[in-house]
Structures are given as structure tokens and as C-alpha cells.
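Can you build the whole structure from these sequences, using the hints too?
Number of protein chains: 2
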Amino acid sequence: MRRFGQVIKLKSDMEERYKYLHANPWPEVNAMIHMCNIRNYSIFLKGGYLFAYFEYVGEDFEKDMEKMSQDPVTQRWWRETDPCQEAVDDAAEGEWWANMQEVYHLD
Amino acid sequence: MRRFGQVIKLKSDMEERYKYLHANPWPEVNAMIHMCNIRNYSIFLKGGYLFAYFEYVGEDFEKDMEKMSQDPVTQRWWRETDPCQEAVDDAAEGEWWANMQEVYHLD
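First to last, the protein sequences are chains V and Y.
Per the working numbering, the first sequence starts with residue 1, numbered consecutively.
Per the working numbering, the second sequence starts with residue 1, numbered consecutively.
Certain hints may be false.
Here are the computed lysine-lysine pairs in the BS3-like style, where the Cα-Cα straight-line distance is at most 30 Å [as the list claims (entries may be wrong)]:
#, chain 1, residue 1, chain 2, residue 2
1, Y, Lys19, Y, Lys63
2, Y, Lys63, V, Lys46
3, Y, Lys67, V, Lys46
4, Y, Lys46, V, Lys19
5, Y, Lys46, V, Lys11
6, Y, Lys19, Y, Lys9
7, V, Lys63, Y, Lys63
8, V, Lys19, Y, Lys9
9, V, Lys46, Y, Lys9
10, Y, Lys67, V, Lys11
FYI, nobody ran anything at the bench for these hints, they're computed from the structure.
In C-alpha cells, the structure reads:
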């Protein structure tokens, strides 16, 4: 299992929209996330930053993310959520949600 | 079980010190965290922000946090780690690590 922490900015005028969408996630999107071997997935908000935590239980993360990105319903979902977000300034090339470095873990 | 997401700033000149401390956590500190009913505790770093995720499995979070704060070894640990950190601008009164709002969860 691999743990991920990721960060992205939330546009201040999109906060209510983003919260509404994530309080009412589309079942097909949730099912696809699960099918792509992601578990225990939470998103937290504070001060214009979104933080995501999840656990990846599959064998090939890049392949699973590619599968997710090809799903038509997920693509429609992202067309709703992407305009709410903005990559952090120091995101790596091509990153949307920026991966954070795990500096501590205790089971 | 209650999930927590928390955020705090890491001073740029303290990054290496913070990472060193958390790559070599004191066993007594880890034991106290566990005794205070915290599980699956991770800290992530990106762009000057630290994000913590953990799960609380006890019955009285405030009481357990009070117990932790009374532990002499934990107090010494915090004397090492606190100078590395700085509360975020919109932390609530009395908060050090600022609690974030959970806006999404999928098991």
C-alpha cells in the first residue's frame, strides 16, 4: 500500500460550488476511484488550500490513473471540479494536484 | 473513528531539521501518540506547508490531547519541533496545527 498526500488551491469564489459537488459526489465517479484501487480517500479544506489523503492498494498507479482519466463520467466530473481549482505555484511539470513528500508516518 | 486533517507552516530554514527529527522520531513520543488513541498518522510536506492526517479511535479527544500535553518527553519533543513551525494565518484562537474541514470522504 502506498500513501499519498496531495495539495491544490481552491478558488475563493468556487468554495461553495466545490463543497456542494463533493457533498454529493456522483456514484459512477466514486465507483471508478474504487476500481482504480484507491481507498480511504479524504479531502480537507482550509484557507484556500485543499489537501487530499488516500491509500493506493493496486500494482500500477500510473496505469490506474490512466484508466481513470479515460472514463467518460470522470471526465465530466472533472469538467465541473477543475474550474474550481488552481495548481499550487510549485507543482511539478504536468501536475494538477501536487504530490507532497511524506516526512512522518506512525501506524 | 474520527478523521483529522491539520495544517501548519514549516519555516524554510528549518526544513532539514524538521525532516531529520521526523525521520528519527523518539520512541516514547510515538508510544504516547498511540496511547492517546491516534492511528494511521502521516505528515506530508510541500511548498512550506505541513499537512497531517490521522485517525482518532478513542472516546474523548480533548482528554487524550491533554494527556499528551502533560507527558514530559512529548513536551521535550515539542521544544524541538515547535520552533520549526508557524501557525497558518487563519488558525483559530489557540490553535497551533489548524484543523481543516473534511469536504469529501470515500472508504
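Worksheet entry | Hints that the structure is at odds with (numbers, increasing) | 7, 10
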